[in-house]
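Colleague: Sequence:
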Amino acid sequence: MVQRIRQAGLVVDEELRPLLWATIGSAFFLAAGLILEQIPVTKSSWVVPFVYSLAYVCGGYLRVVDGLQALRQGRLNIDMLMVLGAVGAAVLGRWSEGAVLIFLFALSNTLEEFAAGRTRKAIQALMALRPATARVLREGGREESVPVEALRTGDLLLVRPGELIPADGEVTAGVSAVNQAAITGESIPVEKEPGSPVFAGTVNGSGLLTVRVTRPASESTLSRIIRLVEEAQEHKAGTQRMADWIDRYYTLVVVAVALGTWLVPPLFLGWTWSESFYLAMQLLVVMSPCALVIAVPAALLSTIAAAAAQGILFKGGVHVEDAGRIRVVALDKTGTLTQGVPQVQSLHPAPGVSEEELLAWAASAEAHSGHPLAQAVVSAARSRGLSLPPVTEVREKPGYGVTAMVDGVEVRVGSRRLVSENGWSFLNTVAESLENRGETAVLVSRAGQPLGVIGVADTLRPGVVQTLAALRQSGIQRIVMLTGDNERVAAAIAARIGVDEFRANLLPEEKLNAVRELKERYGSVAMVGDGVNDAPALALADLGVAMGGAGNDAALESADVVLMSDDLSRLPTVFRIARQARRVMTQNMVFAVAVIIALVILSLSHQLTLPLAVVGHEGSTILVALNGMRMLLWGRGTALVQLASQARVPALRRSASLSS
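Numbering (my numbering), first residue to last: 4 to 663.
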């Protein structure tokens, strides 16, 4: 039977197997006892109690061990409550009822472990994406297969079509599309060429790649994600800490109530000892907080797993709860709302000058400058295939621009302070117009005469307006943009994307102060940045969200939530999945408390027998666990497990299966 279950994929880890055997053994002897009770020869003999006792041993042994360990630590836990309830039933001669209790408790523990195991498997499926060996290129082109743990920085790896990339690195030769879904959550394979970064655990497409290792296997992005997720499970949310408190202290209350129910009625109300003892055992069962204790962890672990499958890394259950409370989001502009790379947006040549002529002279003067605006101009000229005149002398003045001798003529490229010294109205008018709409004006003159103005700006991320709209739909009430850019550029960007307010000319410490002010004014605030220069603000915010965590050390370490791909559109998912998780946790807690109250009332009014009390109690625990597991299905959260399964099947690694 166990083999069949294993083949069906239900045995998820070694921890589940002893619980499964205990449940099967308890069920077998319970059924045998019920049958023997119907046979006249054995009904009144010692055989029936003996068979039921075997059901007790099979189903209750592990619980007794756990309970005794807790007692040695000075705690009375749920396991001991259930065992005491079953022993009480046996003392009353109700062996079958005690055996039913033990069986259902063993079954509920098995299902709870199955739920936790499925969650762990969804997360730790990442480990299956880490190959055991790598193909290293040695001198003379010789290939050598080595354990992944033996890889060193600088090693050259050969990655064939359909294979898993064994370590973080940089492509040195070859072109291919790489499936990065396991790391970044991107559904579409990403084109890789020489110079492109690749991550351990991603799947090579149809091309042959040579990769230089940039990190040892133990420090790869994949390994760090696994460590962070494991740590996340140890960081408990507020409601989870409350559940732990219930498990520790509420059990003492249950024992006190049971003892009072056993002793008080016979002494003062005229009950028989057997009646009061039976009710005490029944209350011991129905008041046990099994469902309360599993209510929160089941939902939190499932949420972390579902989010990880979509490229969103919550670094603790507490951050899931925090995200569910956020109503205000502050976003850094450069690199978060925008691409972070300036590009030429418009060309405004002077009368009698062509766009190509303006761009060519400007690019020649800027060709040797490392300034981002200069690189944008040079990139635009190269994209048009323009021929650049030769440069013989270059003088760069920080904050002003560049003066160069281009083809024997002085060319100036830069701000109005450098270029429009003679007060050319054309250049000044165009420059002011560009700055009013959020572009940086780069003025160009040649031999003392105006050539024109080039408008350069950092481009918005694709779909940023739709993303902000989705944020509002997810429950965010106010969106604030924080930037170090000047007021006019910030105002223009803010108007285009539709934020509620913006703060400009901010240094990193001033962003920190802005977040502090927002918290004082609105309450819980999330800060979204690149995880580097925004680190102080990310740390202060109630929820720090870092962009582009794959390969970004600072993002993985500084934020509470990491978007593994450089994709802002995933941000609304952070808040949607967190709010749904909070709803599920609330449902579980309310349901668990309501069932306990209902069962206690029915027990005290003598409307409930011990077997029905057991069914109600254990049934509520199972339902709570299954309700928490629903979060695994949020956004098809099982995709990660499926991907890992595919990675273990060589036939599915072929490029043909990837393309299909």
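Among the hints, a few may not be true.
[As the list claims (entries may be wrong)] With beta-carbon atoms standing in for the labels, derived distance ranges: (1) E146 / V412: 53 to 59 angstroms; (2) G198 / R524: 42 to 48 angstroms; (3) L626 / R524: 51 to 57 angstroms; (4) R499 / E196: 48 to 54 angstroms.
Hints are computed from structural coordinates only; laboratory data are not their basis. C-beta atoms are modelled at their ideal positions from N, C-alpha and C, and glycine is treated no differently.
Colleague: Using the Cβ atoms, figure out if E146 sits within 53 to 59 angstroms of V412.
Modeller: Cβ of E146 to Cβ of V412: about 57 angstroms, so the range 53 to 59 angstroms holds.
Colleague: At the C-beta level, are R499 and E196 separated by a distance inside 48 to 54 angstroms?
Modeller: 33 angstroms, violated
Colleague: Is the hinted range of 51 to 57 angstroms satisfied by the C-beta distance from L626 to R524?
Modeller: 42 angstroms, violated
Colleague: Does the Cβ distance between G198 and R524 fall inside 42 to 48 angstroms?
Modeller: The hinted range 42 to 48 angstroms holds for G198 and R524, with Cβ atoms some 45 angstroms apart.
Going through the hint list in order, the structure does not satisfy hints 3 and 4.
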